[in-house]
Amino acid sequence: MRGRWVWLPLALLAFVAGLAIYGLVRPKDDFVRSNMVGQKLPAFDLPAATEGVTGLRHTDFADGTPRLLNVFASWCIPCRAEAPYLEELKSRGAQIYGVAIRDHPRDVAAFLSQYGNPFALIGADANMKLQLSLGSSGVPETYIIGGDGTIVYQHIGDIRAEHVPQLLAKLEDAK
Amino acid sequence: MRSIIFAALLIAAPLRAQDAGTSYANAQLADASQEASAKNLMLSLRCIQCQGQSIADSDAPIAQVMRSEVRLRIEQGESPDAIRSWMISRYGEWVSYDPPLSGVTILLWFAPLLLLAAAIFASRGLFRKAKP
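As you go down the protein sequences, you meet chains A and B in turn.
If you're matching positions, the first sequence starts at 957 in this note's numbering and goes up one per residue.
If you're matching positions, the second sequence starts at 36 in this note's numbering and goes up one per residue.
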């Protein structure tokens, strides 16, 4: 009787050690995904992010055409890296609306002139209210918004070459 | 006198750098009981950026916005539970340090009781041996 139970603590220790090893070798993924995927876009009305562009409202998305909503900032380095891929998405037919997070009009203008402007409309989310309402955890992020204003998909982090076809396919599916 | 004013301005400069839109990020509510319930809630909401910290402890921009949002909503009379559910509707259960009792978390909630029961069971022999 006693001999059988003496293995129990050892088995527990092995289990805990196993968990620790699993935690160490598991690929790191600390993205906090939005819980808003599948929900309607929250209501918002953002002023233009800089001179010469038009601001952004939630109703701009609900006209039947699926679009990309790109959350970016002039101070965000990965946003520079994804700029050419946003251009590519645009040239392959995607309509992209942008939201500049916690940014200044002058800096947004400089960012657009240096890295290009793939956005049809750009709103300024100066106090990150929209970012919070979207369940967005950082910049850059790209959302696919269905033609009825529903959030269909969230891409966290910069868009790289391999993501372009994925996003185009998902945009096609959303039609 | 001038140097004192200059020094005071230097010290105050970081305040100017803070965003105007997040007015309640680092300012308390006037009503002490409201501030207490806001603070309580902030301690149990998790910062999205500094992932091991509560939004009360973190100075990340997103934590500031979340604190501001919590205080504003408390000031407007919203209940802490409603605010927590709003945050969860955005970021999932991840954002709350107060996990609800569900199928997934049942072990989390009852593990202490299970461990206590196991410890009593394992140590029962020690008490029996006291007899001569």
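Calculated from the structure, these hints are not laboratory results.
Errors might be hidden in some of the hints.
Stated by the list, open to error - Some, not all, of what chain A presents toward chain B, calculated at C-beta under 8 angstroms:
no.: 1; residue: 966
no.: 2; residue: 1088
no.: 3; residue: 1094
no.: 4; residue: 1123
Stated by the list, open to error - The following label-pair restraints were derived from C-beta to C-beta distances:
no.: 5; chain 1: A; residue 1: 985; chain 2: B; residue 2: 147; range: 25 to 31 angstroms
no.: 6; chain 1: A; residue 1: 996; chain 2: B; residue 2: 132; range: 26 to 32 angstroms
no.: 7; chain 1: A; residue 1: 1043; chain 2: B; residue 2: 69; range: 36 to 42 angstroms
no.: 8; chain 1: A; residue 1: 970; chain 2: B; residue 2: 152; range: 57 to 63 angstroms
no.: 9; chain 1: A; residue 1: 996; chain 2: B; residue 2: 158; range: 52 to 58 angstroms
no.: 10; chain 1: B; residue 1: 133; chain 2: A; residue 2: 1112; range: 52 to 58 angstroms
no.: 11; chain 1: A; residue 1: 962; chain 2: B; residue 2: 71; range: 48 to 54 angstroms
no.: 12; chain 1: A; residue 1: 1125; chain 2: B; residue 2: 70; range: 19 to 25 angstroms
All residues carry an ideal CB built from backbone N, CA and C; glycine is no exception.
Results of checking the hints against the structure:
About 13 angstroms separates the beta-carbon of residue 966 of chain A from the nearest beta-carbon of chain B, more than 8 angstroms, and the hint is not met. Given the 8 angstroms rule on beta carbons, the hint for residue 1088 of chain A holds: about 6 angstroms separates it from the nearest Cβ of chain B. With a least beta-carbon distance of about 7 angstroms to chain B, the hint placing residue 1094 of chain A at the interface is held under the 8 angstroms criterion. The beta carbon of residue 1123 of chain A is not positioned within 8 angstroms of any beta carbon in chain B (closest approach about 23 angstroms), and the interface hint is therefore violated.
Checked against the hint of 25 to 31 angstroms, the C-beta distance between residue 985 of chain A and residue 147 of chain B comes to roughly 29 angstroms, which is consistent with it. A beta carbon spacing of about 28 angstroms between residue 996 of chain A and residue 132 of chain B agrees with the range 26 to 32 angstroms that was offered as a hint. Taking the beta carbon of each, residue 1043 of chain A and residue 69 of chain B are about 49 angstroms apart, not inside 36 to 42 angstroms as hinted. Take residue 970 of chain A and residue 152 of chain B: their Cβ atoms lie about 21 angstroms apart, and the range 57 to 63 angstroms is violated.
Between residue 996 of chain A and residue 158 of chain B the CB atoms are about 57 angstroms apart, so this pair conforms to the stated range of 52 to 58 angstroms. Distance hint check for residue 133 of chain B and residue 1112 of chain A: the Cβ-Cβ separation is about 25 angstroms, which falls outside the suggested range of 52 to 58 angstroms. Taking the beta carbon of each, residue 962 of chain A and residue 71 of chain B are about 51 angstroms apart, inside 48 to 54 angstroms as hinted. Checking the proposed 19 to 25 angstroms range against residue 1125 of chain A and residue 70 of chain B shows it is violated: the Cβ atoms sit about 50 angstroms from each other.
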